[in-house]
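Student: Here is how the chains run, residue by residue.
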Amino acid sequence: MSVQAILEVKDGDVLAALRGFLRQLLDMGIVDALLVPLELPSRDAIVQTLVKDAGKLESANPLAPVMMVNSAIVVSNLTRLGNRENVGVVLKSCEMRALVELVKLQQASLDNLVTIGVDCLGTYELTQYAQLSNELDDSAGPSVEQLQAAKDGEVIPREGYEFRAACQICEYPIPVSVDINMAFIGVDTETMILLEMEPEIGQQVLEKLGLQEGEAPAKEESVAKLVAAREKERDEAFARFHETVNDAASLVAQFSTCIACHNCTTACPICYCKECIFETDTFRHPSERYLMWAERKGAARMPSDTVLFQLTRMNHMVSSCVGCGMCESACPSDLPLALIFRAVGQKVQELFEYVPGRSLEEELPVATFKEDEFPEYK
Amino acid sequence: MDDFEPRIVAFLCNWCAYTGADLAGTSRLQYPPNVRAIRVMCTGGVDPIYVIKALLEGADGVLIGGCHPGDCHYQSGNLKARRRVAILRSILEQLGLDPDRVWLRWISASEGKLFADTIKEMVEELREKGPNPMREAWAI
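Chains A and B, in that order, are what the protein sequence lines are.
Quick note on numbering: my numbering labels position 77 of the first sequence as 77, and the sequence is numbered without any gaps.
Positions in the second sequence are counted from 1; adding 1000 to them yields my numbering.
Note that these hints are calculated values from the structure, not bench results.
These figures come from a predicted structure and were not determined experimentally.
Even for Gly, the Cβ is constructed at its ideal location relative to N, Cα and C.
Be careful, since some hints might not be right.
Calculated pairs, PhoX-like style, for lysine-lysine (alpha carbon to alpha carbon, straight line, at most 20 Å) [claimed, not checked]:
id : chain 1 : residue 1 : chain 2 : residue 2
1  : A       : Lys-104   : A       : Lys-151
2  : A       : Lys-378   : B       : Lys-1120
3  : B       : Lys-1080  : A       : Lys-370
4  : A       : Lys-378   : B       : Lys-1113
5  : B       : Lys-1080  : A       : Lys-104
6  : A       : Lys-347   : A       : Lys-232
7  : A       : Lys-378   : B       : Lys-1080
8  : A       : Lys-347   : B       : Lys-1113
9  : A       : Lys-104   : A       : Lys-378
10 : A       : Lys-370   : A       : Lys-104
11 : B       : Lys-1053  : A       : Lys-297
12 : A       : Lys-151   : A       : Lys-10
Reference excerpt, derived from the structure (chain A facing chain B, CB under 10 Å, subset only) [to be verified]:
id : residue
13 : His-242
14 : Ala-249
15 : Glu-288
16 : Leu-291
17 : Trp-293
18 : Lys-347
19 : Leu-351
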């Protein structure tokens, strides 16, 4: 991120500045289309929208603290079979990290994409966001107070509302691996947004948009403060989880209300299998098998294989889990999936010193091996 | 507890471990009858789902037997298996299940005795541990 530029904010209107910037990217031909969160006409929901008409950017809202879908899935839909147009995609931190993983899984391409990150203080559940927007009679972007607090590395949700559990323990408020980042944490948003850019695109932006280079000196300290606070929350949450689930009985109890609807699989950006084994004939058992299982244990929960589903999904994807928490948001039974999968994922990733989304160059732990490792297996 | 006979499910690769087990048999080596062998072409083809299913059904131990690293019939299947087992055992441990009920051992086609000894060792250790608590878990 070697090119830093100042994006001027007038009258403290951060959203207008960002809309203006995105509009210029289109108008100046740096991109020919933009994937950007847009406010729905009902103003109570925000959807990722592929925009060609710059006029539509009047309702763009990359700051809106809500995430309908992890956009890595949308970018995968757009680019999985290749992409030939210059498209800018506006992504939150966890969405970019998931996209990096999907690229490594050959489910998305970064060809001709300009990835545009935006700092994130957290997101509300969809219904909470809708409720808040209706209360405010406007889209519920971050308030002036929230942005001011963000300058000092503090996060305060709106009164009476909480960010999603996954966001409360997220130590990545700043997107990594993006071409351009629209930074407001640690930045005086009364007057500016900081644009952090990779060299090549940065030069283009400076020239074509006539921006001045600059920096936000207080940023590093504010970001470090926020990250430290989140890491503390995270470690406490992980510890609570490990205390709760510590034997077979507590493990089974943890998933007692799981109905195996597979919403988590659908919502998860990493679960990309077009044909998940759990949706195949492998799990359409003949009656004899059910009866055999009931015979063996005296009884058999129906439908079957609920804990098997959770543990299998965990084994298959947790090495790439970026902690976006969409699984938990999608779960009709309110299972604390974000916490469970992140907590377990952390130690699994540590086995390989791997951080999902950190780098395209780092191989997926499950897609590679070393000749000499894990000598404990004889 | 004295009459507890551990039940072991073993995923054995065709080229090495299964053949080694076969050699144990043809050599008339005695080993405990507690193991149910499942022949796979390569340990690289052992998806963690098979191992988890066995454990959730109540298997007291699961053995994955493959070729020694460097000798895999398919070059690197066993090396992938090694990573998958490492991940699986980490997950089991974190969730309060006993990772030492899942064993990964390298047993070549000529190591009939090693196979027999491995089974003896596994049965003894599992007898100490006692039955898999999942034997009673029907609400899964």
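Student: Against this structure, judge whether each hint is valid.
Tutor: Verification of the supplied hints:
1. For the hint linking Lys-104 of chain A to Lys-151 of chain A, the alpha-carbon distance of about 34 Å lies beyond 20 Å, and the restraint is violated.
2. Of the pairs offered as hints, the one joining Lys-378 of chain A and Lys-1120 of chain B holds, with about 16 Å between alpha carbons and a cut-off of 20 Å not exceeded.
3. With a C-alpha separation of about 9 Å, the suggested pair Lys-1080 of chain B and Lys-370 of chain A falls inside the 20 Å cut-off, and the hint holds.
4. As the CA atoms of Lys-378 of chain A and Lys-1113 of chain B are separated by approximately 15 Å, the hinted pair is consistent with the 20 Å bound.
5. For the suggested pair Lys-1080 of chain B and Lys-104 of chain A, the alpha carbons sit about 17 Å apart, so the restraint of at most 20 Å is met.
6. The suggested pairing of Lys-347 of chain A with Lys-232 of chain A holds, with an alpha-carbon distance near 16 Å, which does not exceed 20 Å.
7. Our distance criterion of 20 Å between C-alpha atoms is met by Lys-378 of chain A and Lys-1080 of chain B, whose separation comes to about 15 Å.
8. Among the hinted pairs, Lys-347 of chain A with Lys-1113 of chain B is inconsistent with the structure: their alpha-carbon atoms are about 36 Å apart, more than 20 Å.
9. For a cut-off of 20 Å, the pair hint linking Lys-104 of chain A to Lys-378 of chain A is broken: about 31 Å separates their Cα positions.
10. The straight-line distance between the Cα atoms of Lys-370 of chain A and Lys-104 of chain A is roughly 18 Å, inside the 20 Å bound, and the hint therefore holds.
11. Note on Lys-1053 of chain B and Lys-297 of chain A: the hinted pairing holds, with a Cα-Cα distance of about 14 Å set against a maximum of 20 Å.
12. Of the supplied pair hints, the one linking Lys-151 of chain A and Lys-10 of chain A holds, its CA atoms being roughly 17 Å apart against a limit of 20 Å.
13. Interface restraint check: His-242 of chain A against chain B, minimum CB-CB distance 7 Å, threshold 10 Å, status holds.
14. A cut of 10 Å between beta carbons decides the hint on Ala-249 of chain A: the least distance to chain B is about 7 Å, and the hint holds.
15. A least Cβ separation of about 15 Å between Glu-288 of chain A and chain B goes past the 10 Å threshold, and the interface hint is therefore violated.
16. Restraint check, Leu-291 of chain A versus chain B: the minimum CB separation of about 13 Å is more than 10 Å; hint violated.
17. Proximity of Trp-293 of chain A to chain B holds as hinted, the smallest CB-CB distance being about 7 Å (cut-off 10 Å).
18. Hint status for Lys-347 of chain A relative to chain B: holds, with the closest Cβ pair at about 6 Å, below 10 Å.
19. For Leu-351 of chain A, the interface hint holds, since its Cβ comes within 10 Å of a Cβ in chain B; the closest pair sits about 6 Å apart.
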